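Colleague: When you get a sec, could you build the whole thing from the sequences and use the hints?
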Amino acid sequence: MDILPSEEEQMLKNVAREFLETEISTAMVREMELDDLGYPPSLWKQMADLGWLGLALPEQYGGQGLPLTYLGLILQEAGRVLAPVPLHSTMVAALTIAEAGSEQQKKDILPAVSDGGMVLTWGIAERDPRLIPEAMTLQATADGDGWVLNGTKMFVDNFVVAQRCLVAARTAAVSESSQGISLFLVDTNGTGVDQTALTTLAKDKQSRVDFKNHWVEASALVGELNQGWPIVEAMLDRATALLCCQMTGAARKDAEMAIEYAKNRVAFGRPIGSFQSVQHMLADMLLHVDGGEMLTFEALWKMDEGLPASVEVSQAKAFCNEKCESVVRTSQVIHGGIGFMMEFDLHLWFRRVTSWTMRLGTTYDHRARIASALLDTPGRVRLGMPLPTAV
Amino acid sequence: MDFGLTQEQEDLREQVRAFIAENVSQGLLDEMEGGEEGGRGPEYRELVAKVAEKGWIGISWPKEYGGQSGSRIDQYIVEEEFMRLGIGVGGAGSGAPAILAAGTEEQKEYFIPGMIRGEIIFALGFTEPQAGADLAGLQCRAVRDGDDFVINGQKMYTSAAHYASHIYMMCRTDPDAPRHRGISIFLIPMDTPGITVRPLWTIQSDPPAPMGTTYGMVRTNETFFENVRVPASCMLGEENGGWYVGAMGLNLDRVGASRYLISVRRDEDIVNWVKENDFGGNSPAENPAVRDKLAELWTEANICRLMTMRSMSLVNRGGNFTYEGSAEKVWAPEHGVKTTEAISQILGPYAQLLNGSEEAIEDGLFAHNLMGSFQSGINHGSVQIMRDQMARRGLGMPRG
Numbered sequence: 008m009d010i011l012p013s014e015e016e017q018m019l020k021n022v023a024r025e026f027l028e029t030e031i032s033t034a035m036v037r038e039m040e041l042d043d044l045g046y047p048p049s050l051w052k053q054m055a056d057l058g059w060l061g062l063a064l065p066e067q068y069g070g071q072g073l074p075l076t077y078l079g080l081i082l083q084e085a086g087r088v089l090a091p092v093p094l095h096s097t098m099v100a101a102l103t104i105a106e107a108g109s110e111q112q113k114k115d116i117l118p119a120v121s122d123g124g125m126v127l128t129w130g131i132a133e134r135d136p137r138l139i140p141e142a143m144t145l146q147a148t149a150d151g152d153g154w155v156l157n158g159t160k161m162f163v164d165n166f167v168v169a170q171r172c173l174v175a176a177r178t179a180a181v182s183e184s185s186q187g188i189s190l191f192l193v194d195t196n197g198t199g200v201d202q203t204a205l206t207t208l209a210k211d212k213q214s215r216v217d218f219k220n221h222w223v224e225a226s227a228l229v230g231e232l233n234q235g236w237p238i239v240e241a242m243l244d245r246a247t248a249l250l251c252c253q254m255t256g257a258a259r260k261d262a263e264m265a266i267e268y269a270k271n272r273v274a275f276g277r278p279i280g281s282f283q284s285v286q287h288m289l290a291d292m293l294l295h296v297d298g299g300e301m302l303t304f305e306a307l308w309k310m311d312e313g314l315p316a317s318v319e320v321s322q323a324k325a326f327c328n329e330k331c332e333s334v335v336r337t338s339q340v341i342h343g344g345i346g347f348m349m350e351f352d353l354h355l356w357f358r359r360v361t362s363w364t365m366r367l368g369t370t371y372d373h374r375a376r377i378a379s380a381l382l383d384t385p386g387r388v389r390l391g392m393p394l395p396t397a398v
Numbered sequence: 451m452d453f454g455l456t457q458e459q460e461d462l463r464e465q466v467r468a469f470i471a472e473n474v475s476q477g478l479l480d481e482m483e484g485g486e487e488g489g490r491g492p493e494y495r496e497l498v499a500k501v502a503e504k505g506w507i508g509i510s511w512p513k514e515y516g517g518q519s520g521s522r523i524d525q526y527i528v529e530e531e532f533m534r535l536g537i538g539v540g541g542a543g544s545g546a547p548a549i550l551a552a553g554t555e556e557q558k559e560y561f562i563p564g565m566i567r568g569e570i571i572f573a574l575g576f577t578e579p580q581a582g583a584d585l586a587g588l589q590c591r592a593v594r595d596g597d598d599f600v601i602n603g604q605k606m607y608t609s610a611a612h613y614a615s616h617i618y619m620m621c622r623t624d625p626d627a628p629r630h631r632g633i634s635i636f637l638i639p640m641d642t643p644g645i646t647v648r649p650l651w652t653i654q655s656d657p658p659a660p661m662g663t664t665y666g667m668v669r670t671n672e673t674f675f676e677n678v679r680v681p682a683s684c685m686l687g688e689e690n691g692g693w694y695v696g697a698m699g700l701n702l703d704r705v706g707a708s709r710y711l712i713s714v715r716r717d718e719d720i721v722n723w724v725k726e727n728d729f730g731g732n733s734p735a736e737n738p739a740v741r742d743k744l745a746e747l748w749t750e751a752n753i754c755r756l757m758t759m760r761s762m763s764l765v766n767r768g769g770n771f772t773y774e775g776s777a778e779k780v781w782a783p784e785h786g787v788k789t790t791e792a793i794s795q796i797l798g799p800y801a802q803l804l805n806g807s808e809e810a811i812e813d814g815l816f817a818h819n820l821m822g823s824f825q826s827g828i829n830h831g832s833v834q835i836m837r838d839q840m841a842r843r844g845l846g847m848p849r850g
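Here the protein sequences come in this chain order: Z and D.
Quick note on our numbering: the first sequence kicks off at 8 and runs consecutively.
Quick note on our numbering: the second sequence kicks off at 451 and runs consecutively.
Possibly wrong hints are sitting among the right ones.
Straight line, CA to CA, 25 Å or less: simulated SDA-like cross-link-like pairs of lysine to any residue [claimed, not checked]:
#1 Lys725/D <-> Pro393/Z
#2 Lys513/D <-> Met8/Z
#3 Lys20/Z <-> Ser763/D
Note that these hints are calculated values from the structure, not bench results.
Since we're looking at a predicted model, the values are computed, not measured.
Modeller: What follows is the structure in structure tokens.
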């Protein structure tokens with residue numbers, strides 16, 4: 008037990024911070040908001056050359072096989088500078104293929120991801136945005152040697168620049184033996200696939216994706232037919248924990264900007280940071296970022312250890328949704344009027360963190376999951392011990 | 451990063467649990483329930499002797515003074531298991547860290563083994579009638595007279611004074627120096643002539659709070675010092691350097707199993723209660739608002755746990771705290787209050803029933819906790835003072 012970063016982890020963090028803070032400016036972040044791709048391919052290539060894109064992927068497919076906590080540290084630093092790269096969506100999909108994909112899928116996808124030649128994403132949410140099997144209505148129907156997909160996926164991250172997209176589709180009704188969901192790896196340029204850009208608070212690249220009679224080969228299936236939901240759940244848990252890394256990284260940087268501002272901004276003849284009301288706001292920001300960070304890394308660590316981590320993931324996201332939001336809002340309050348001028352950079356952090364609170368499960372969704380693990384199981388609970396499992 | 455225990459540590463926990471099952475008798479629990487002496491009667495002393503024999507007290511303290519030179523995590527494991535029964539063993543919260551850091555060889559050899567045997571118990575003499583949050587304003591005087599000091603003044607909320615063997619107290623030794631630089635710490639036997647202890651009864655005293663209540667102590671004290679003459683060898687650390695010794699000791703004593711558990715036990719209690727009980731078929735566990743609130747509280751309780759683990763990790767790495775101890779002392783007490791007040795809205799009017807009342811739930815634990823949990827945000831440095839420290843020491847904010 009030592010929950011602080013090890014020397015090696017701290018070194019990785021330092022290297023990542025140095026690189027990202029050198030390469031990424033807020034001018035670049037603003038430029039990429041208007042860019043068709045939304046990311047600079049040269050920067051993506053540099054990140055591949057540093058070994059980051061294959062960091063947590065298996066060694067036999069060109070990766071380094073390092074723990075998720077390491078990838079989490081990179082994503083935290085990426086969040087810190089609001090790195091305009093499709094890192095999160097690509098890593099989440101690639102890790103899923105590494106875990107559940109066929110040999111051919113792994114060979115086709117993972118080395119290409121590692122060397123920066125392929126961007127990935129995933130589409131789960133639909134018009135009912137809950138991330139539960141009941142909300143999956145996109146239909147895949149058997150057709151000759153393959154499947155025909157019809158339906159709509161919402162809020163798909165980086166779809167415009169991804170070559171492949173993992174899509175959860177309904178292939179059967181819910182039954183005793185399965186949720187009737189299958190996962191497909193889809194070519195984003197395929198016939199009958201149309202994306203419509205959404206204009207978001209974060210000014211990022213999210214799409215509605217409509218599938219109209221889009222045909223895929225049988226080999227596009229990831230995992231077993233009708234048994235896709237457990238794969239999706241594992242993917243969403245990883246995605247959520249890694250998103251919390253971005254959130255806490257960005258929120259900490261935002262808090263640091265408020266701290267600097269409070270030291271320098273003079274009002275009533277003294278720095279505003281000397282006022283207790285401001286000091287206590289800053290202390291709460293520190294508590295909230297630290298709390299979110301500890302919950303997040305405990306969840307990632309449990310995944311790395313092969314332990315159940317769904318409750319820990321939901322704790323992290325439920326907390327970050329409320330408290331990272333509180334941090335970036337409080338930072339706006341401390342900065343006063345200048346903080347919400349377009350030319351001032353602070354809103355870049357506010358917009359993204361706020362947007363991320365709505366992605367991959369709301370506070371209520373995640374608390375419902377925690378409550379179920381606490382209350383709908385037999386046996387007593389004790390903090391720090393595994394919760395009882397459902398019958 | 452490692453969030454898990456080693457196999458040896460898991461085994462230690464099992465050994466402690468087995469020991470408790472075998473050695474903690476109903477007689478001991480009854481003795482503690484009734485005890486004004488913080489439960490430190492004959493049965494308690496017998497248990498502590500057995501625990502000491504196992505080598506489980508002061509595990510992280512050096513071997514030469516009777517500890518094990520072991521890990522703070524191991525010590526924490528022992529503390530947590532006993533503290534879950536309300537039994538304080540293990541050595542945290544005792545003043546030992548400051549003695550180990552600042553004491554003379556003679557003091558360490560005398561006090562640490564005595565504390566491990568359970569024979570030396572300190573009352574804490576910090577607060578005074580006119581110096582609480584603003585501790586550096588303390589006025590209790592210690593005046594040098596040859597090889598002795600003569601102490602005059604008054605200390606407040608000296609909770610253990612009526613059963614302690616010693617008092618760990620701060621006195622002003624140089625009234626002309628700047629406030630923080632004229633204070634010294636003394637370790638004084640309670641039977642020294644001139645010391646008078648007067649009880650102060652808390653709001654938990656009528657009826658007495660049940661075991662396990664957060665700040666369920668029925669009694670504290672005020673302690674008067676009238677021409678109390680002690681040898682200069684009672685001083686801990688440098689003369690006039692006591693503020694810094696005290697601050698360090700407070701940081702180390704602020705964290706650990708006791709702080710953690712008083713803030714989170716009610717989270718476990720209410721979840722387990724609603725799982726096992728209902729109001730004639732009306733189950734709070736099925737109320738969506740209650741479910742959402744319990745999940746929120748459980749999440750925040752886990753941050754209490756993680757903050758404690760962070761502090762234990764820091765102690766193991768040499769104890770270099772900047773703001774982490776203060777952070778824990780903000781988050782944990784405020785969480786305890788939040789849970790306690792939420793429980794009153796989950797159980798409704800049942801949560802007002804005190805110990806001994808007909809229809810009381812869990813011996814009135816939840817009602818008494820409403821009178822106790824807020825105390826943890828006041829005692830040993832209020833949450834407001836702790837936030838000041840976080841901002842100034844942790845974030846470098848200027849003083850007002």
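Colleague: Each hint needs a verdict: does it hold in this structure or not?
Modeller: Now the hints, each set against the structure:
Between the alpha carbons of Lys725/D and Pro393/Z the distance comes to roughly 17 Å, so the proposed pair stays at or under 25 Å and holds. Using a Cα cut-off of 25 Å, the hinted pair Lys513/D and Met8/Z holds, with the two alpha carbons roughly 22 Å apart. Distance check on the hinted pair: Lys20/Z and Ser763/D sit about 19 Å apart at the alpha-carbon level, within 25 Å; holds.
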